[in-house]
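Could you put the whole structure together from the sequences, leaning on the hints where they help?
Taken in order, these protein sequences are the chains called R and W.
Each number in my numbering corresponds to the 1-based position in the first sequence with 12 added.
Each number in my numbering corresponds to the 1-based position in the second sequence with 47 added.
No lab work stands behind these hints, which were simulated from the structure alone.
Source: prediction; values computed, not measured.
Here a beta-carbon is modelled for each residue, glycine too, at the ideal position from N, C-alpha and C.
Treat each hint with caution, since some may be false.
Among chain W residues calculated to face chain R with C-beta under 8 Å, some are [what the hints assert, rightly or not]:
#, residue
1, Arg-63
2, Val-64
3, Leu-69
4, Cys-71
5, Leu-79
6, His-90
7, Ala-96
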Amino acid sequence: MSALTDRSAGQIESFRPKRFSARYGVDPVLLLLLLVLMGFGLAILYSASGQNMAMILRQSVHYAVGSAAMIALTFVRRDTLYQVTPFVFAFAALMLLAVLLLGTGAKGAQRWLDLPGLPRFQPSELMKLALPAMVAWWLTRRPLPPRALDVLIAFVLVALPVGMIVIQPDLGTSLLIAASGFFVLFLAGLSWKLMGSLVALGLASLPVLWALMYDYQKRRVMTLLDPTSDPLGAGWNTLQAMTALGSGGINGKGFLSGTQAQLKFLPESHTDFIVAVIGEEFGFVGMAILVCLYALILARALVLTARADHSFGRLVSGSITLTFFIYVFVNIGMVSGILPVVGVPLPLVSYGGTSVVSLLIGFGILMAMQRSNRVLSGE
Amino acid sequence: MQYNHPRTERILTTQRVIIASLGCLALLLLLLGRLVWLQIVEHDRFVTASERNRIQVVPVAPPRGLIRDRQGILLADNRPELRLVLTPEESADLEAVLAVVDARIGLSGDERAQFYNRLQSRRRPYDPVVVKTQLSDQDAAMIAVDGYRFPELQFDATPRREYPYGHLTAHAVGYLGRLNAEELGRVSESQYAATDVYGKLGVERAHEETLHGDVGLERVETNARGRIMRVMSRDDPAPGADLTLHLDLGLQAKAYEILGDRRGAIVAMDPRTGGILALASQPTFDANLFVRGISSVAYQALQEDPALPLFNRALRGQYPPGSTIKPMLGLVGLDLGVIRWSDRIQDPGFFQLPGVERRYRDWKRWGHGTVDLAKAVIESCDTYFYDMAVEAGIDRLAPAMSLFGFGKPVGQDVIGDGAGILPSREWKRAQFRQAWFPGETVIAGIGQGYWTTTPIQLAVATTALANRGTLVAPQFVQGIAPVQRSIPLATPADWERMAREMERVLHSPGGTAAGAGKDASYRMAGKTGTAQVAGLGQDEVYDATTTPEHLRDHALFVGFSPAAEPSLVLAIVLENAGSGGSQAGPVFRALSDYWVLDRQQGSLPPDLAWVASVEAQLQQVEAP
Numbered sequence: 013m014s015a016l017t018d019r020s021a022g023q024i025e026s027f028r029p030k031r032f033s034a035r036y037g038v039d040p041v042l043l044l045l046l047l048v049l050m051g052f053g054l055a056i057l058y059s060a061s062g063q064n065m066a067m068i069l070r071q072s073v074h075y076a077v078g079s080a081a082m083i084a085l086t087f088v089r090r091d092t093l094y095q096v097t098p099f100v101f102a103f104a105a106l107m108l109l110a111v112l113l114l115g116t117g118a119k120g121a122q123r124w125l126d127l128p129g130l131p132r133f134q135p136s137e138l139m140k141l142a143l144p145a146m147v148a149w150w151l152t153r154r155p156l157p158p159r160a161l162d163v164l165i166a167f168v169l170v171a172l173p174v175g176m177i178v179i180q181p182d183l184g185t186s187l188l189i190a191a192s193g194f195f196v197l198f199l200a201g202l203s204w205k206l207m208g209s210l211v212a213l214g215l216a217s218l219p220v221l222w223a224l225m226y227d228y229q230k231r232r233v234m235t236l237l238d239p240t241s242d243p244l245g246a247g248w249n250t251l252q253a254m255t256a257l258g259s260g261g262i263n264g265k266g267f268l269s270g271t272q273a274q275l276k277f278l279p280e281s282h283t284d285f286i287v288a289v290i291g292e293e294f295g296f297v298g299m300a301i302l303v304c305l306y307a308l309i310l311a312r313a314l315v316l317t318a319r320a321d322h323s324f325g326r327l328v329s330g331s332i333t334l335t336f337f338i339y340v341f342v343n344i345g346m347v348s349g350i351l352p353v354v355g356v357p358l359p360l361v362s363y364g365g366t367s368v369v370s371l372l373i374g375f376g377i378l379m380a381m382q383r384s385n386r387v388l389s390g391e
Numbered sequence: 048m049q050y051n052h053p054r055t056e057r058i059l060t061t062q063r064v065i066i067a068s069l070g071c072l073a074l075l076l077l078l079l080g081r082l083v084w085l086q087i088v089e090h091d092r093f094v095t096a097s098e099r100n101r102i103q104v105v106p107v108a109p110p111r112g113l114i115r116d117r118q119g120i121l122l123a124d125n126r127p128e129l130r131l132v133l134t135p136e137e138s139a140d141l142e143a144v145l146a147v148v149d150a151r152i153g154l155s156g157d158e159r160a161q162f163y164n165r166l167q168s169r170r171r172p173y174d175p176v177v178v179k180t181q182l183s184d185q186d187a188a189m190i191a192v193d194g195y196r197f198p199e200l201q202f203d204a205t206p207r208r209e210y211p212y213g214h215l216t217a218h219a220v221g222y223l224g225r226l227n228a229e230e231l232g233r234v235s236e237s238q239y240a241a242t243d244v245y246g247k248l249g250v251e252r253a254h255e256e257t258l259h260g261d262v263g264l265e266r267v268e269t270n271a272r273g274r275i276m277r278v279m280s281r282d283d284p285a286p287g288a289d290l291t292l293h294l295d296l297g298l299q300a301k302a303y304e305i306l307g308d309r310r311g312a313i314v315a316m317d318p319r320t321g322g323i324l325a326l327a328s329q330p331t332f333d334a335n336l337f338v339r340g341i342s343s344v345a346y347q348a349l350q351e352d353p354a355l356p357l358f359n360r361a362l363r364g365q366y367p368p369g370s371t372i373k374p375m376l377g378l379v380g381l382d383l384g385v386i387r388w389s390d391r392i393q394d395p396g397f398f399q400l401p402g403v404e405r406r407y408r409d410w411k412r413w414g415h416g417t418v419d420l421a422k423a424v425i426e427s428c429d430t431y432f433y434d435m436a437v438e439a440g441i442d443r444l445a446p447a448m449s450l451f452g453f454g455k456p457v458g459q460d461v462i463g464d465g466a467g468i469l470p471s472r473e474w475k476r477a478q479f480r481q482a483w484f485p486g487e488t489v490i491a492g493i494g495q496g497y498w499t500t501t502p503i504q505l506a507v508a509t510t511a512l513a514n515r516g517t518l519v520a521p522q523f524v525q526g527i528a529p530v531q532r533s534i535p536l537a538t539p540a541d542w543e544r545m546a547r548e549m550e551r552v553l554h555s556p557g558g559t560a561a562g563a564g565k566d567a568s569y570r571m572a573g574k575t576g577t578a579q580v581a582g583l584g585q586d587e588v589y590d591a592t593t594t595p596e597h598l599r600d601h602a603l604f605v606g607f608s609p610a611a612e613p614s615l616v617l618a619i620v621l622e623n624a625g626s627g628g629s630q631a632g633p634v635f636r637a638l639s640d641y642w643v644l645d646r647q648q649g650s651l652p653p654d655l656a657w658v659a660s661v662e663a664q665l666q667q668v669e670a671p
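If you want it as structure tokens, here you go:
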């Protein structure tokens, strides 16, 4: 009966009219949502950067480059992505190693790799995509849910790059990359028992983690617990961001009229704390619209994830989607004072080329997994 | 690529996607909840915080009222003081910048230490910190010449009190100093929110409220660096009122010129208004030292100077009045009916209480011969007044003399003056728990013993003689109606008669100040006084050459001029200078000549170049 249902499902699918995404690769709904988000991003950046047109122009270039990469990727076959995954992962891991050995620092951390003839390059960005793909690649070599040994190997695959990024040190990025690997395992059907014990292990390791943290990381955690304890120092960012959000009220102070942002009380207002500008100038209404926009993107991406007809595509798509959401959650959570300040940009809105391009590449991969439906089901 | 149970895998992963969606939904709701709390529930609190962030209510100090002398010459001015300030947040290398400042305009270890002190005190980010005060224009140019290299350095100009004649006016006008905690408790804190100075002495202190004005407020929008972006509204401060004093800078300078390096005090009043025309206490000091912030070394030197430059002798110096009060005692005796103008006594050169061996000596060892009241005043006969005092008794003398203002501060806008001592039976009982001895009445008759007065008290008492019966209270500031009080006498004509006898002190051959009154083109009236500092034994003879300086007699003089219609009352005390007639008399004559002749009783302006030279001389005296 199961075989019959399986076959009939395949038949029904093959009789369906060809979807746009199947024909042209790009999912129009997701594309539209992303374009709306990027337009919103440009408007906010205009305010947050102090009407800096040069910055708007550069961000537009980032959007254009990222969108081009995204659309180009939709033409790549899923099989190709599957096949190159181990090599990309290996390459990214080597780059991380290179960063540790020859990297140049910014703000006391080694994250960038200056290679002659190439733009400055942050290998951890590549790893954000390579790691979940690698874990998915490994797990889908056998039927799901994964066996204990495969889970163990997946953990090693996660631990390797995460460890190297922790040493850089970049706790925020390493946690997010670890999360992207974990999402793959979760979607692959990791047993609840194992997850429960992992959580317990995680909690137990907190004191150890605390001991290993750098002073600035400890300060951030302490400041989260009580931002007023050092209002002129570490707590300044959080307090000013909360003040910006709170004083925005329901309707906001109006576009370009946020006093916190325009008078520069708000730090990093065009990058990590841009959401505070939205909250201050457009109020709760603006924030609700923004959150809904992200929710729609999330929903659409999850629908696409569920629609992908191969586990590899589903795992990769799901991980990309959930990681994207985690970015949103961590960023807004940090700005609104429920998470520590970890230097995570607001996806596709914060100013910054690397983040924009790599996020759009992620969506390109997600769409590429869709396009392959037809090709694979036709085989 | 393999297909491993695609259907079960699809179910499994779809399940997990749904679970993940629910998790995401939960997190989204958490975010929305947080936003509701921040933006709706706690909105008001954050609006306040945001307003407090950007809107600063800045108090604006009112410009302090200026002080001028009666001719309109500025005695206390406000001049901008240039300061160098540094914004540490904009500095890459503090030490390097300080080194540059040091190399160009000098930065003492003290200034450096103060800078780091201020830097470490809690302050808003981007608040500038004072590096150096009292910059000259040249200093400012030395820094500003390539100021673009040091964006952290800025100048600011705050008004600072300046006394153009700081030495001449220190004891009269007083000075401003840092507002201290005790004074802060006395004033309205909001009024002084932008002010950190307070009148410490003299007119500055007495008229602090008038001079201070009303604080202004400015609501300004600042950015995170504290830089003012715009002024949203402003309540202008009400400037302190300017004050015009009765003080005459020329007469003041003359007083100091004549005092020279002698210790002493001179108080000059206009008997018609009570206006204080001059108030000198020598040695003096530079009032500007205290405004600029005096160094502890300089302050210690001033305090430990045995000549007591900080001590206001004119207001706080308490000297036995000696013979200067004889005209008043004479009038009291007449009023009490103890004596008459026609009564005469024989003066053998001493006085004895009945049945007591002790002799109270006259200053003239061989006596004045036959003496009536007029002669007793002109020649300053002690024996006559010993006798009169005993006849009147201390219980009648003390209340009568208190009408002349002795024994209490002079009041009005004169601050911090001494009360002096008007001895009486009650006073002695309260002070020493002792009975009054008859011998103490004897010496009270010549203004000795317990009796002490301040120079300003003597001047005020003398206004009653100058005005023929009307005592006028002293007043620094013009524009206030004279506070007068008449002293009733049984025979009011006695006032005029006594004034005439006081003229003869200067203008008759036997007068104790005949030397001072010699060849005068106009008439003056006065009374000499020689106050004993050390008590003499029964038959000891005072000899200035063998007495240590600080035990020598004080030379005193009170008087008014011109005699008939006085416009000037003077009280002069020269510490340990000797005889009143020979020492203080000429001082009186010189000041009177200056006022009546040179200045035509104040209707001609003073020679400012000469005033400046007197001020400069006082500075030189101080230097070593």
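Verification of the supplied hints:
| no. | hint | verdict |
| --- | --- | --- |
| 1 | Arg-63 | 5 Å, holds |
| 2 | Val-64 | 5 Å, holds |
| 3 | Leu-69 | 11 Å, violated |
| 4 | Cys-71 | 5 Å, holds |
| 5 | Leu-79 | 6 Å, holds |
| 6 | His-90 | 5 Å, holds |
| 7 | Ala-96 | 5 Å, holds |
In this structure, the one hint that does not hold is number 3.
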